[in-house]
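Engineer: As a plain string of letters, each chain reads:
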Amino acid sequence: MKQLVNALLAIMLTAFALMYLGSWMNSNEGYSGENTLTIYNWGDYIEPELLEEFEAETGITVIYQTFDSNEAMLTKVEQGGTTFDVVIPSDYAIAKMKEEKLLVPLDSAKIPNLSNIDPRFMDLSFDPGNLYSVPYFWGTVGIIYNPDMTQGIDFTSWDSLWDKRLNNSIFLVDGAREVMGMALNSLHYSVNDQNEEHLQEALTKLNKLSPNVKAIVGDEIKMLLANEEAAVGIVWSGDASEIMSENDKLEYVVPEEGSNKWFDNMVIPRTAANVEGAHQFINFMLRPEIAAKNAEYVGYSTPNIEALKLLPSEVSEDTRFYPPAEITDRLEVYDNLGKRMLAHYNELFLKFKMNKK
Amino acid sequence: MNNKGKSYYLIPYYLWIALFVVAPVLLIIYYSLFDLDGHLTLNNYLNFFTPVYLKMTLNSFWYAFLITVFSLLIAYPAAYLLTRTKHKQLWLLLIILPTWINLLLKTYAFIGIFGTFGPVNTFLDLLGIGEQQILFTGFSFVFVSVYIFIPFMILPIYSALEELNLSLLDAARDLGASSWTTFRRVIFPLTISGVRSGCMAVFIPALSLFMITRLIAGSRVITLGTAIEQHFLVTQDWGMGSTVAVFLIAIMALFMILWGGSRKGVRHEK
Chain A
1 MKQLVNALLA
11 IMLTAFALMY
21 LGSWMNSNEG
31 YSGENTLTIY
41 NWGDYIEPEL
51 LEEFEAETGI
61 TVIYQTFDSN
71 EAMLTKVEQG
81 GTTFDVVIPS
91 DYAIAKMKEE
101 KLLVPLDSAK
111 IPNLSNIDPR
121 FMDLSFDPGN
131 LYSVPYFWGT
141 VGIIYNPDMT
151 QGIDFTSWDS
161 LWDKRLNNSI
171 FLVDGAREVM
181 GMALNSLHYS
191 VNDQNEEHLQ
201 EALTKLNKLS
211 PNVKAIVGDE
221 IKMLLANEEA
231 AVGIVWSGDA
241 SEIMSENDKL
251 EYVVPEEGSN
261 KWFDNMVIPR
271 TAANVEGAHQ
281 FINFMLRPEI
291 AAKNAEYVGY
301 STPNIEALKL
311 LPSEVSEDTR
321 FYPPAEITDR
331 LEVYDNLGKR
341 MLAHYNELFL
351 KFKMNKK
Chain B
1001 MNNKGKSYYL
1011 IPYYLWIALF
1021 VVAPVLLIIY
1031 YSLFDLDGHL
1041 TLNNYLNFFT
1051 PVYLKMTLNS
1061 FWYAFLITVF
1071 SLLIAYPAAY
1081 LLTRTKHKQL
1091 WLLLIILPTW
1101 INLLLKTYAF
1111 IGIFGTFGPV
1121 NTFLDLLGIG
1131 EQQILFTGFS
1141 FVFVSVYIFI
1151 PFMILPIYSA
1161 LEELNLSLLD
1171 AARDLGASSW
1181 TTFRRVIFPL
1191 TISGVRSGCM
1201 AVFIPALSLF
1211 MITRLIAGSR
1221 VITLGTAIEQ
1231 HFLVTQDWGM
1241 GSTVAVFLIA
1251 IMALFMILWG
1261 GSRKGVRHEK
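As you go down the protein sequences, you meet chains A and B in turn. The numbering of the first sequence is the numbering used here, which starts it at 1 and goes up by one. The numbering of the second sequence is the numbering used here, which starts it at 1001 and goes up by one.
It should be emphasised that the hints constitute simulated quantities derived from the structure, not laboratory data. Keep in mind that a hint or two might mislead.
To be verified - Quick look at which bits of chain A chain B covers, simulated, 3 or more residues with Cβ under 8 angstroms: (1) 7 to 14; (2) 222 to 229; (3) 314 to 327; (4) 338 to 347.
Unchecked claim - No farther apart than 27 angstroms at their CA atoms in a straight line, the calculated lysine-lysine pairs in the DSSO-like style are these: (5) 208(A) with 164(A); (6) 98(A) with 222(A); (7) 351(A) with 1055(B); (8) 309(A) with 351(A); (9) 205(A) with 351(A); (10) 76(A) with 96(A); (11) 96(A) with 110(A); (12) 208(A) with 1106(B); (13) 249(A) with 101(A); (14) 1055(B) with 222(A); (15) 339(A) with 1055(B); (16) 309(A) with 110(A); (17) 208(A) with 222(A); (18) 293(A) with 110(A); (19) 205(A) with 1106(B).
Glycine included, C-beta positions come from ideal geometry on N, C-alpha and C.
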């Protein structure tokens, strides 16, 4: 009996200790008073020196946390245990957060540097009028290929991927929107198409691509392509620039039929405790010299037109990563399709994956 | 102390089971009854009986079966030899050691080993066989999984073999049994409990493997585990994800019952 009581006591004590530790950690990591600012960003997606510079300039202490997927970020912000002040989600996630009323409208008077952003990247479908978000980085989805291994195939069209010579030599990224979007684009439909006939047509076309697909992988795609495990990959432009900095033989192209353009924007979630500081931070990041420094470190495309002027010309004139307006106009942002349609896209993608062998 | 007093000791255990086993299973069943819009429905279950999920279930079973069979084929002789070696503890430690290394790390290492320019292909090239595609095949998936699961198969078989009364073997020989007959009629039946728990320790986790399917098999192998991961993380269709999980739990429970039942069968035979 005594041992039983002891065991029960031990369990209770552990539970309480864990609870206390949990709340202590929460209050610690999420504590955003007058003088702290909690930033929630993708991993390795900011020049760390800039955070120190911001701290020195404003006297605000920055608490910096990272996430690895929009879904993980959404769950944590929704649950609200931590008071994040600035979050940097992608386009469709912003639409979702807006819908769920998780965002605070921005006070544009406090962000004068907003005028540095290229008007091409403002007022997009996921946030008309930029009431809630400010562009941080942007990019495209395209084909990365190794000219040594592709026998001179011209990749300016998505259809080139169906070339018989590419048997077993394409890596696809494990994302339903990206792969379905590519198939829809190759049929000259929109990446946001919801017409059932068009979607079935896309699936049929994808199934014909199967013999050429070597594997459908996640983040490893960067390492695999840099190691020349396969000749061709469908990737985001940001990943492409990372791969190309490791293996300069590779080339990146955005096919002519169209593709996706994506954005990671800065937003202020409703849970923010230091809204004033959040505005200060957003304005700070939009300064031309700061944005340029950040773009140089991260290697993604900056939407900041003044910052672009400060970057070396071999970067700013690289049309692979800074395509001209006539191309970006043809690219589409992923709309928030809603749960039902997104599930349908995933179901079709799953069918394609099951069919492959 | 009487029996009644002893049963009090089980209370913490029951509490634990209720909180961390029964409650989560009930929650999964509860979630499986809702569709994307939060309406109560049985459609998720109907959806499971479509070709996509049935094929996936068969796939999972086939690969889990292969993984278990190959693990057993390698683990049984290994465990047997282990009981005959001098430095048992050292060998045992060497077998357990790899389980201390993170699963993801080991898997990543295999991407390099099996890659087009990896050591295996270099070796095949040297032999004149030439480069083969090893990564992103069913073979590599089974190989890596077997590598990961083997310690869990060896340990229970080893302890069963350790408990084996050696004089029984002498008796068998004295009575004129060949070494094959001794193995078949004496050693194997007496260690079947170790084989059974080893198979369970491998088959059940193998059914729900998900990360290796993408890293090593390049999504050529799609298991029920992959589907659950996708539904919870990407589609956020918790209902369908839970439904797949419910089936997985039901199937595993069925296997445990069948395996548990067959033990009695063996005993009655004797």
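Engineer: Provide an ascending list of the numbers of those earlier hints which the structure does not satisfy.
Structural biologist: 3, 6, 8, 12, 13, 14, 19
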